[in-house]
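Got chain D; can you put chain E on it based on the hints?
As given, the protein sequences belong to chains D and E, one line each in that order.
Going by my numbering, the first sequence opens with residue 302, and the numbers climb by one from there.
Going by my numbering, the second sequence opens with residue 3, and the numbers climb by one from there.
Don't take every hint at face value.
Unchecked claim - With a Cα cut of at most 27 Å, we get these calculated DSS-like pairs of lysine-lysine:
#1 Lys68(E) / Lys56(E)
#2 Lys68(E) / Lys433(D)
#3 Lys414(D) / Lys301(E)
#4 Lys236(E) / Lys300(E)
#5 Lys301(E) / Lys267(E)
#6 Lys445(D) / Lys354(D)
What the hints assert, rightly or not - Listed next, with one range per pair, are the computed distances between beta-carbon atoms:
#7 Met25(E) / Arg429(D): 37 to 45 Å
#8 Gln94(E) / Lys445(D): 49 to 57 Å
#9 Arg328(E) / Pro350(D): 55 to 63 Å
#10 Gln287(E) / Arg415(D): 23 to 31 Å
#11 Lys56(E) / Gly391(D): 49 to 57 Å
#12 Lys445(D) / Arg91(E): 45 to 53 Å
#13 Asp401(D) / Glu200(E): 34 to 42 Å
#14 Pro336(D) / Ser76(E): 18 to 26 Å
#15 Asp33(E) / Pro350(D): 47 to 55 Å
#16 Gln287(E) / Glu369(D): 41 to 49 Å
Simulated from the structure, these hints should not be mistaken for laboratory data.
Quick reminder that beta carbons are idealized off the backbone N, C-alpha and C, glycines included.
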Amino acid sequence: MRHIALFLIFASWATAETVDLPLYRTPPLYSTDRPAALEIPSVRLDIQPVDGKTVVKLEWLDRSRDAEAPAPDGFVDACAVMLPAGPVTGDVFPSLQMGDADHPVIIYYYDMKRGAAVMEASGRATTRRTGKTFTAQAAYAGQKWQVTLELPALPAGTPLSVAIWNGAQQDRDGRKYFSLWHRTR
Amino acid sequence: MFQHQYAMVLDLNKCLGCQTCTMACKKLWTDGDGMDYMYWNNVETRPGQGYPRKWDQIGGGFENGKLRPSEIPSREDYGQPFQYNYEERMFQGGLQVMPHEPVENTPNWDEDVGALMLGENYYFYLPRLCNHCTNPACLAACPRNAIYKREEDGIVLIDQERCEGYRYCMRACPYKKIYFNELLGKAQKCIFCYPRLEKGEVNACARQCPGRLRFVGLLDDPGSAVHKLVHVYKVALGLFPEKGTEPNVFYVPPFNPPRRGNYGKSILDDPRMPLDYLVYLFGEQVTDVIRRLEAELKKAQDGAPSEVLQLLIGRDEEVRYQIPKRESLVQITNAQIQPLRRA
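So here's chain D without its partners, still in its complex pose (with noise of 0.2 Å):
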């Protein structure tokens, strides 16, 4: 029932803040890996608050449906939105690399296998499950994606950033698509 009432939001959302995020490639791992081609250029970001939330909806172009992952060499489609774990003062935003010692964030995960997550990372190779999940719902038509995610408030201005995988071009940990930090309207 939640799940269908995240979608009748979108049905007659008279949305709050609509932005086009460009998104970039993390560069290869290894010096041997060929950059990855940017076969996703943008994610569109709705923004919404909703009975004391934030209704977050993600929006991409993705030309293959992953969902399913067949081993081993297949993986999924994902997103996440990271935001700060503490306020943040000034320009001084928090290590797009999951943060940083002493700006640590706070991941909202969803892959299209195994569903959502909450995740706290305080820096590169440091990213733990809390064990926590939160409403969200994926959908995928027309060669797009669009999830949902329900978001605890977020005060204006607050700072977040989205990451999107793409499990066609083998994006798994760090290996992603992912926005400069954008603060809200």
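Below, chain E alone, put in the same frame as chain D:
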């Protein structure tokens, strides 16, 4: 730094290719869900495609000290698990025993095929397992720090709680001995039967081997057969040493007699299989190893005792295995530890 290092030496001259080790491992460790295609221990015919297919050609390991990962082998490269149509054959009649579906590759697809040299066929069996390397590429590649090397015995393990199934370890391992469990979303591999070793029992693959070709013990224990074969007699070599991971599974290379009609000649003068192929697998040192073995054989033929050949015969378990009790393992002092690296 780890204090001790378990190692295994396999005498390829004694391997029957019977797959008893493969099945012992399979029944003990990879009989669970999502593990159908996994053979932590496999025996492949060499020359041959190997398991997974062309694992030795696709990359992995280190180059100039840097990781050189390969692609991840595909499901087809590992070969498909299949059943035979026994029920149709037994109860419907008139049918041959066949796989229940078309099969295009399996772990032992080219068993006993080998290759030709001077018009004659040659091959040998190569049993393979995780090499529990001194410098594991899988460990270096894991961004989750989920792979660790046990300080007390050098066994390399994957923390199943930390593993997120990213599979960088599979790309990095030059031996392609890490597998992905699709159902669990975790990487899994040979654990060197550490629960058995901790009870003083040798690895299942070694225990069940009818050819008695496996030797197990601490590489740094001067009394162990593995120490003697690797460091004292220097007749056992790791696979693909140039990959830079310093494997701790060693092989006594195939030591066939010269071709027919060449009595008295050196094996190196008239080999039954191309020396280049052995150099490809074991590195340049293989020539020296064959010379040493040949000299020992000559010594024995002349009636002199050869401790290395007696050791390689390894009739009794006490000769082949030196498994310390876990309590005694931690009591070995640093002063007793021999240098781990070959001179």
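A quick look at each hint next to the structure:
The suggested pairing of Lys68(E) with Lys56(E) holds, with an alpha-carbon distance near 22 Å, which does not exceed 27 Å. The hinted pair formed by Lys68(E) and Lys433(D) fails the criterion: a straight-line CA distance of about 37 Å is larger than 27 Å. Straight-line distance between C-alpha atoms of Lys414(D) and Lys301(E) comes to about 64 Å, which puts the hinted pair past the 27 Å bound. Of the supplied pair hints, the one linking Lys236(E) and Lys300(E) holds, its CA atoms being roughly 17 Å apart against a limit of 27 Å.
With a CA separation close to 15 Å, the supplied pair Lys301(E) and Lys267(E) stays within the 27 Å bound. Our distance criterion of 27 Å between C-alpha atoms is met by Lys445(D) and Lys354(D), whose separation comes to about 25 Å. Between Met25(E) and Arg429(D), the C-beta spacing of about 39 Å keeps the proposed range 37 to 45 Å intact. Between Gln94(E) and Lys445(D) the beta carbons are some 50 Å apart, a value that agrees with the proposed interval 49 to 57 Å.
For Arg328(E) and Pro350(D), the Cβ-Cβ distance of about 59 Å falls inside the hinted range of 55 to 63 Å, so the restraint holds. About 47 Å separates the C-beta atoms of Gln287(E) and Arg415(D), a value inconsistent with the hinted range of 23 to 31 Å. Between Lys56(E) and Gly391(D) the beta carbon distance is about 55 Å. The supplied range of 49 to 57 Å therefore holds. Judged by the Cβ atoms, the range 45 to 53 Å given for Lys445(D) and Arg91(E) holds: they are separated by roughly 50 Å.
One distance hint, 34 to 42 Å for the beta-carbon pair Asp401(D) and Glu200(E), holds here, with the actual separation near 40 Å. Distance hint check: the CB atoms of Pro336(D) and Ser76(E) are about 23 Å apart, consistent with the given range 18 to 26 Å. For the hinted restraint 47 to 55 Å between Asp33(E) and Pro350(D), the CB-CB distance of approximately 52 Å keeps it satisfied. Hint check: Gln287(E) to Glu369(D), Cβ distance near 46 Å, so the stated range 41 to 49 Å holds.
Against the hints set out earlier in the document, violations occur for numbers 2, 3, 10.
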